[in-house]
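Asker: Residues per chain, in single letters:
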Amino acid sequence: MHLAPTQERWLAAANRTQRKAMEILQAIGDIEGAEDLVAITSAHVSGASYKMIGDPGLEFLEDFAREGRVAVPTTVNPLGTDMAQWRDLGVPAEFAEKQARIAAAYERMGVRPVYSCVPYELGVRPALGEHVAWAESNAVCFANSVLGARTNREGGPSALAAAIVGATPRYGLHLDEGRQPTIVFDVRTRVRGIGLSLLGLFAGEAAGDGLPFFRGFRASEPGLKWLGAALASSGSVGMFHLAGVTPESRRARTRGLPIVRVSREDLDAVRRKYTNGEEADLIGLGSPQLSAEELREIAALVARTPPRIPVWVFASRLAREACPEAVAEIERHGGRVLADTCLEVTLLEHRFSTVATPSGKGAYYLPSLCKQKVIFDDVEALLERYA
Amino acid sequence: MKLTGRRIVGGRAAGEALASPVPLSFVGGVDPATGEVLDEATGCRGHRLGGRIFAFPHGRGSTVGSYVVYGLAKRGVGPAAILNTRAETIVAVGAILAGIPTVDGIDVGGILTGDRLVVDADAAEVDLPDLVAKPVVSAFLRSRGKILLVRRSEQVSTFAGRWSVISGYLEGDEDPRERARLEIREETGIRGARFRSEGAPLLVRDRGAAFLVHPLLFDVPRTAVRLDWENVEARWVRPDEIEGFDTVPRLQEAMRSVIFTPPPGRK
Chain A
1 MHLAPTQERW
11 LAAANRTQRK
21 AMEILQAIGD
31 IEGAEDLVAI
41 TSAHVSGASY
51 KMIGDPGLEF
61 LEDFAREGRV
71 AVPTTVNPLG
81 TDMAQWRDLG
91 VPAEFAEKQA
101 RIAAAYERMG
111 VRPVYSCVPY
121 ELGVRPALGE
131 HVAWAESNAV
141 CFANSVLGAR
151 TNREGGPSAL
161 AAAIVGATPR
171 YGLHLDEGRQ
181 PTIVFDVRTR
191 VRGIGLSLLG
201 LFAGEAAGDG
211 LPFFRGFRAS
221 EPGLKWLGAA
231 LASSGSVGMF
241 HLAGVTPESR
251 RARTRGLPIV
261 RVSREDLDAV
271 RRKYTNGEEA
281 DLIGLGSPQL
291 SAEELREIAA
301 LVARTPPRIP
311 VWVFASRLAR
321 EACPEAVAEI
331 ERHGGRVLAD
341 TCLEVTLLEH
351 RFSTVATPSG
361 KGAYYLPSLC
371 KQKVIFDDVE
381 ALLERYA
Chain S
1 MKLTGRRIVG
11 GRAAGEALAS
21 PVPLSFVGGV
31 DPATGEVLDE
41 ATGCRGHRLG
51 GRIFAFPHGR
61 GSTVGSYVVY
71 GLAKRGVGPA
81 AILNTRAETI
91 VAVGAILAGI
101 PTVDGIDVGG
111 ILTGDRLVVD
121 ADAAEVDLPD
131 LVAKPVVSAF
141 LRSRGKILLV
151 RRSEQVSTFA
161 GRWSVISGYL
171 EGDEDPRERA
181 RLEIREETGI
191 RGARFRSEGA
201 PLLVRDRGAA
211 FLVHPLLFDV
221 PRTAVRLDWE
231 NVEARWVRPD
241 EIEGFDTVPR
251 LQEAMRSVIF
261 TPPPGRK
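Those protein sequences? They're chains A and S, same order as listed.
So in this note's numbering, the last spot in the first sequence is 387, and the numbers never skip.
So in this note's numbering, the last spot in the second sequence is 267, and the numbers never skip.
Keep in mind the hints are simulated off the structure, nothing from the lab.
Please note: incorrect hints may appear among the correct ones.
Heads up, incomplete: computed chain A residues facing chain S, CB under 8 angstroms, no partners named [unchecked claim]:
#, residue
1, 20
2, 23
3, 24
4, 28
5, 31
6, 33
7, 47
8, 55
9, 59
10, 157
11, 245
12, 247
13, 249
14, 269
15, 365
Using 20 angstroms as the maximum straight-line C-alpha spacing, the simulated SDA-like pairs for lysine to any residue come out as follows [what the hints assert, rightly or not]:
#, chain 1, residue 1, chain 2, residue 2
16, A, 20, S, 157
17, A, 373, A, 354
18, A, 20, S, 74
19, A, 20, S, 122
20, S, 74, A, 373
21, S, 74, A, 171
Glycine included, each C-beta is placed from N, C-alpha and C at the ideal position.
Please put together the full structure from these sequences, using the hints given.
Answerer: Now the structure itself:
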């Protein structure tokens, strides 16, 4: 892979950690056949929950943070618990202590201390055509599809290396050609609410590591968030197009591609397939974290139909702080609004065994990452069921 | 014998091979404290990575695997070198962070646990000093999408009774294509075979012996076959039917290197 003169000069003056980071990018570039590195305007790193990265991740991050500093604005994924509420949640002290050390290591590197999987709802909104290096599959899908920014599906270490260098290898979704669809989904049924998560799980399975082109419905930005999150869970998908809605859909070439027709029955089958529990002991809302607006909607629903089992709502700290009334309403009915963490990277398995959720991403990952059974349905239906 | 690949992380190492025929996730597949292999499917379960040259096709699973590789090296229980068929990001990043000499593009399917290896990652070379591999050509003959399989007679010295393709030893620095044409004429009587493609050489092991197989693809104008003494039976089969035959080792891999066949389950 070729380095630009400015990158060569940067490397000549680099410290040991910067050289390691550059070595990582060069190796990935060589493996993926990239010709050069492209400068990025932001990075989003995954791998902050102690539950997910364990002692190996903690050890690496503390070592790397000795001299590693990010060169571009960098955000990071949710932690394994809410550091303000962990005692109330029954989280072991050792877990919380190690979690705090992970957060501290990221903060030493200059990462913005907002632990979120929805950087795009926190003001990080790269523009059409802007190159970034994001990990966290739902954020990658949103950035590429909805914003028209360009990022591959980075892993935690590669996004961190890109953050330190300020560049990423130019291949895959950074190139025009890599953003063309590979499969068309003709949606013949109305999709809204949980329907977008159902469609995402369905299409992700069918698309594999391809790039879906949807047509037949419209959706707003919050809807596309849930579609992309589910899509990127059941498939290795980093981008989709929605005809007439997403910014690059007009440039997409669909002639000759395989077409999959999606019916109401297909989506109902997905709901049944991902439901394997019978009685929930927790309603989990989030994954991805809810926006302030979504938090207010949930508060209104909970006030109307108060549940008899706990409701845990996951949001960024900014969203939580933006709507104290909604938080108070949810807490009044026995729920919790947890910040800086998210549904499947948090510790659930120490207290619960079956989680009810409307999140497609949650339904996909809860069994493996949290050893939970799942009841997968609309939030309204779940609240009524557990009223 | 020497194998050449691509340098991922520079450096040198010598040691005994630990070889897995299947891809490995370092998360869950290896004990991060001791370097003991936990994954049953690797055939290496219970072995420790420390000081060994770890050969496996490629990494898989969570990107946290990179951190596990780093931690192993830091504790001094990591592999002395890593050899992959095709490096991917997880292992490459881990090896860079850990400073473990790593080479990919190596035919790890031909390396066995216990082989003595010398790795020079700077030169992208792997030496198996105890191994002498006889070079062999394996010619896949194709006609109307079907491939010719022949069953080896009981009189041949290797792999008697197994199904194979037309093959023969290379002598000196003979051109594999020329040798293949000669063998095709001798073993099948077919003339006018047209060369189509050549795959990467594969190392095939059989008890003490080793063969470096050069896979070649030829299109032939007719399907009538006149066998000589080396083979006792001939059959034209579709490429996806080969797995139903008791073949010589790694024949399907050799075929896939010269004919594109979609992986199972994908359209």
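Asker: Taking the hints in turn, state whether each one holds.
Answerer: Hints, one by one, checked against the model:
{"no.": "1", "hint": "20", "result": "6 angstroms, holds"}
{"no.": "2", "hint": "23", "result": "5 angstroms, holds"}
{"no.": "3", "hint": "24", "result": "5 angstroms, holds"}
{"no.": "4", "hint": "28", "result": "5 angstroms, holds"}
{"no.": "5", "hint": "31", "result": "6 angstroms, holds"}
{"no.": "6", "hint": "33", "result": "12 angstroms, violated"}
{"no.": "7", "hint": "47", "result": "7 angstroms, holds"}
{"no.": "8", "hint": "55", "result": "7 angstroms, holds"}
{"no.": "9", "hint": "59", "result": "6 angstroms, holds"}
{"no.": "10", "hint": "157", "result": "5 angstroms, holds"}
{"no.": "11", "hint": "245", "result": "28 angstroms, violated"}
{"no.": "12", "hint": "247", "result": "28 angstroms, violated"}
{"no.": "13", "hint": "249", "result": "24 angstroms, violated"}
{"no.": "14", "hint": "269", "result": "20 angstroms, violated"}
{"no.": "15", "hint": "365", "result": "12 angstroms, violated"}
{"no.": "16", "hint": "20/A x 157/S", "result": "52 angstroms, violated"}
{"no.": "17", "hint": "373/A x 354/A", "result": "4 angstroms, holds"}
{"no.": "18", "hint": "20/A x 74/S", "result": "15 angstroms, holds"}
{"no.": "19", "hint": "20/A x 122/S", "result": "17 angstroms, holds"}
{"no.": "20", "hint": "74/S x 373/A", "result": "38 angstroms, violated"}
{"no.": "21", "hint": "74/S x 171/A", "result": "32 angstroms, violated"}
Against the hints set out earlier in the document, violations occur for numbers 6, 11, 12, 13, 14, 15, 16, 20, 21.
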